[in-house]
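Peer 1: Chains as they are written, first to last, in UniProt numbering: chain A, 1 to 248; chain B, 1 to 248; chain C, 1 to 248; chain D, 1 to 248; chain E, 1 to 248; chain F, 1 to 248.
These aren't lab readings, by the way, just hints derived from the structure by calculation. Not one of these hints is a red herring.
If you only want the chain D side, here are some residues facing chain E, beta carbon under 10 Å, derived:
id, residue
1, Arg100
2, Val165
3, Thr209
4, Gly212
5, Phe215
6, Asp216
7, Glu219
Covered stretches of chain B (chain C as the covering partner; in silico rule of three or more C-beta atoms under 8 Å from a C-beta of chain C):
id, region
8, 95-104
9, 209-219
As the structure is a prediction and not an experimental result, all values here were calculated from the model. Virtual Cβ for every residue (Gly too), placed ideally from N, Cα, C.
There are 6 protein chains.
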Amino acid sequence: MTDIVRADGRAVDQLRPVTIERGWSAHAEGSALISFGGTKVLCTASFTNGVPRWLTGKGKGWVTAEYAMLPRATNSRNDRESIKGRVGGRTHEISRLIGRALRAVVDTKALGENTIVIDCDVLQADGGTRTAAITGAYVALADAIEWGREKKFIGQKSQVLFDSVSAVSVGIIDGEPMLDLAYVEDVRAETDMNLVVTGRGLFVEVQGTAEGAPFDKRELDALLELGVGGCATLRGEQLAALGLEASA
Amino acid sequence: MTDIVRADGRAVDQLRPVTIERGWSAHAEGSALISFGGTKVLCTASFTNGVPRWLTGKGKGWVTAEYAMLPRATNSRNDRESIKGRVGGRTHEISRLIGRALRAVVDTKALGENTIVIDCDVLQADGGTRTAAITGAYVALADAIEWGREKKFIGQKSQVLFDSVSAVSVGIIDGEPMLDLAYVEDVRAETDMNLVVTGRGLFVEVQGTAEGAPFDKRELDALLELGVGGCATLRGEQLAALGLEASA
Amino acid sequence: MTDIVRADGRAVDQLRPVTIERGWSAHAEGSALISFGGTKVLCTASFTNGVPRWLTGKGKGWVTAEYAMLPRATNSRNDRESIKGRVGGRTHEISRLIGRALRAVVDTKALGENTIVIDCDVLQADGGTRTAAITGAYVALADAIEWGREKKFIGQKSQVLFDSVSAVSVGIIDGEPMLDLAYVEDVRAETDMNLVVTGRGLFVEVQGTAEGAPFDKRELDALLELGVGGCATLRGEQLAALGLEASA
Amino acid sequence: MTDIVRADGRAVDQLRPVTIERGWSAHAEGSALISFGGTKVLCTASFTNGVPRWLTGKGKGWVTAEYAMLPRATNSRNDRESIKGRVGGRTHEISRLIGRALRAVVDTKALGENTIVIDCDVLQADGGTRTAAITGAYVALADAIEWGREKKFIGQKSQVLFDSVSAVSVGIIDGEPMLDLAYVEDVRAETDMNLVVTGRGLFVEVQGTAEGAPFDKRELDALLELGVGGCATLRGEQLAALGLEASA
Amino acid sequence: MTDIVRADGRAVDQLRPVTIERGWSAHAEGSALISFGGTKVLCTASFTNGVPRWLTGKGKGWVTAEYAMLPRATNSRNDRESIKGRVGGRTHEISRLIGRALRAVVDTKALGENTIVIDCDVLQADGGTRTAAITGAYVALADAIEWGREKKFIGQKSQVLFDSVSAVSVGIIDGEPMLDLAYVEDVRAETDMNLVVTGRGLFVEVQGTAEGAPFDKRELDALLELGVGGCATLRGEQLAALGLEASA
Amino acid sequence: MTDIVRADGRAVDQLRPVTIERGWSAHAEGSALISFGGTKVLCTASFTNGVPRWLTGKGKGWVTAEYAMLPRATNSRNDRESIKGRVGGRTHEISRLIGRALRAVVDTKALGENTIVIDCDVLQADGGTRTAAITGAYVALADAIEWGREKKFIGQKSQVLFDSVSAVSVGIIDGEPMLDLAYVEDVRAETDMNLVVTGRGLFVEVQGTAEGAPFDKRELDALLELGVGGCATLRGEQLAALGLEASA
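Whenever a hint applies, use it, and build me the whole structure from the sequences.
Peer 2: This is the structure in structure tokens:
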């Protein structure tokens, strides 16, 4: 790594301050208010006994997610999607990404015929909202599963989560790979990549996009290495929030 | 008043604990996270120089509001209105109520050709979400007006706000008039009334509905008296949050 | 009351001419074409044996209402809500108000597992469309209940309607409280209030809004007195239309 | 023709009773409440100075129509299209038909850059709603054009309408061609045809559909003859309603 | 007929070159890519065992159609109806026409409780898209019925199709009746008519519209004669595509 | 690579047969019907002089794409998104991907204030529809740019395309990395990755998703190598279709 110092004083391989306020919601079966610097996402998990009709009778559960942003989460106000009457492409795409990320560490047979919906609502946005959402959603999901176990909807010995999952953004700015881009960095990045990595260090999602110049294999490798390191740190934060000892 | 003690230990004429976290949002021109007991509403005010086309050139500003609820703000999850593709009747009705309440204390000529949109997003619901929204929205609005003044969009001597405004619910439960109903009280109320009252004690809105038995004039008078008292207390909280001395 | 004479020659406590044409529709189980001066609303009641799924098996019926306005009911043409693809906030709000007003006098257990939908379509608008709708809807509802009794969907001795209900607008114009505002009066009113009152003189809804200056308790009391008087007169018209003797 | 007598006592070549109540609406620039037996359609014409953007500056006017049905116009209640959020295929198709029929007798250059929208709202349906709508819409249109002339939006000598237009349904029931089908006849018809004919006896629309068995040329000719006769009678009714002497 | 030669060299009573590529789709139970000159429509038939709920248990099948156009099928690009969020009036109208045309030759009892949906997607448009769609849809339908027979969803001896059906446009240009209008002709036509005719020469639909001057009976007869001739030729193409000998 | 032979006889690093039918559409400014085995996508490019309002006056052009699938492109019929009234998440996501891929090789300043919309409509689907769409869209785009140059909307010497772009899917099945998955392979893949690569071998998009087990760095590298090879072959096909000599 280099001696480059970023606008907010971070090193290129350093995350912004992370906080995870577990159990923020009085109503949800699991919840976490997570912040990555100025990005704040409220993640709530809703547990329902039963599954959607297309899955009934297969002995498997279902985990899905919905992502949304408050109209003034960003620097200028956006119209509400409820008022526009349609959900935008970006919203759909991120909702699907979060759902896939969570399902990658869930044993749906062990979950049984139960449904968990994770709502990730961005209260304030400063880059990395989807990666904060995935990281916080895992905590809410873990608590909702425990709730289901206590209520006997899930077997006492069922290991529903066989790994943890977190996510982080990486990008190339002025030719330099950097970890966890804030909004001002994100708009300047030539390449933008979101990585979803399990606690064991395996990839669930690798989504890299050249916003400016296309990138080569060497740059890709540098980004992957930065991201895997960031996700390992996030894993520690998740375990701490859940009151578990970090394995690393 | 009677010696009745409510489920949460309050007297019949007592508000739930009120907190107003002013300036919660890093982006909005004015903002407040308000709580009435377990009800938490994030109010953000977005200031735009200019007005909608239908108002252009009339030398007047515009203040409007949008109310919404996160899907898991309540005890069980509701489908998102953005996913359903339409905004429900209750949502529309409350948005319109909040807008009218705020406009009742705004001198739109003094505001000049500027628009302020107040978003009231319910993060957690435990009864009285619309009254908390109005009370918090006033604080966000006051700050957005100050922002506009600092940025010279509003004249230095213009008195845009000629009064303050707050709101509270009252209701009759088991024949007894009570102030500021929590959710468990609200569902049991025979009559439910929302009052919007100015700092000077004048009525902006009186919305009473018999959910069970219709009510008579004597009951109506008792409810009005309770509500006016509650709004006076809320006014003090608003002034304190804004760093002003309460006039009462 | 004062000697003020209104634009159409009425006294301040006088209703516009009211007509109720019962049984206007050849198809509906109950119907009434009601006029309050230039305001004409067609109210049709549709009776269905059975209830919505969420109410099944509870031994109770359901009464609901939908309000709409023809595009050229007003002075200038409005776009159709069917073409816009969404129902506006005002339409939703009034539909909900009419439904609540009617349910306030219905014993849903006596109704049994039957559903009555009241459609209130404004053919011509000149102020007070929602109050005319409620007043006419009661007549259509009463006939639909009789139809259900004749067809044996409702028990012969069940008293489904335990009171009647009517509605009227009141308002303050140039400081003077007035009854049943026509459109030209409505747009000038400082305060606008809709009252829904039962035949026994009890309040179902009190919806007062300061359009201009907020109002005080003394003004509120004057409006309530005017409105209760107007609703008593409307009750007489309803009973006459239904071929019953007025109780007053 | 035969000696067949229809359910309502009519001869096969006889229209149902026709009434045209001209000027029904207090607000519209032209209006007519038309009935063909139990079918009642309120037609209102809204005149606007100016044309849609795509027609601006071409020196031509625009005439269009919208057709809709009240939810309980029919024997059982239909959901409102505004609530469903979309306009059905049948509604679209009939709206387009009415617009084309009217434009066939309008000289849009003589109309000048003015727009007339005709709303045809079916208050009660008993077959032939689209043909009644066209016949009534012509009367409303004629009055709206006169209104435009009086207001000097249209030149005093401009002949905007160069012919009249009316419409009627014909059909084959049990092998017998019949004029102006009521609903009970319409559902039994093997072939159903709507004819739009000008006052001079020329065809604007010929829309025949085999609902049951396809039809041959001889049957088609019999239907055309019946329909042309019916439209001639309707023309007389239109002229009478407009206070003009029938030319026939 | 006259010696008039059309822009593309055709005689007034001559079809454009017709091709029917049967079995174009690898997935559909029946399919045909049909071209009428530059108009190309892909027709796919989807066979489902079972019927919509409203038809269940009546021992009858259901045949329906959906018509759509690719955004750049035409000379300039049209917005997608999926993006606009609503299906246009013309699309609805044509979908309904195709469905009615096909049902006119289907014995729904012989089809049994099976559903066939025919999708007609216009890949390239040069006039006559609806008539090409009907003509191609018949071929796709015939193959889907054979598929159902092979799969034993339809009885071996059931005669589901009791006739064939094809369609063609005719119109009057400069006073001259012409067959099968290309787009450049269609926009100039004074009268435009679509005819749907069975293999036996009977009419299923006669839809004539005066775009310019209304037309008289003599012109109507000339158009009908041209269209019946064109449909007979199309019938031969359909039979050839299906590997059957033409009956004519 | 291994000796594994796939269901269709291909080697693990072998593409399905690729065909590109350039200029398929008579109307579009550029078009290509591309097939990857059983996957067939019609790509049409629509050139418009001018840009969307948000880009006006910046001296830059705009390239965007829309992806859609015919209802019976797949093995069982899907409801049309136009009928459902909303565009699904997957459709949005792929449309955005195609647009980004194309913009990565376009110099929007050289394009000038012109807009090119690429419609990619899947006529038949057998896996890899988005990668075929990108590959075909490039050919349509190149032709639309030439059209713009001929029409003088683009400068004669402007080099709008500074590289080519193609895409291919790769995946891991039974632990084995494979190129260009057909549908039956896609549904079995543990990991699914789409790569968008320029003619110079640089990455524009790397989108890898673990559908089953998460993947490690070694597997990721194997997939990247396979994909880069496949894209090089596709580049040759693109150049051949465009009548250019392949540079490789």
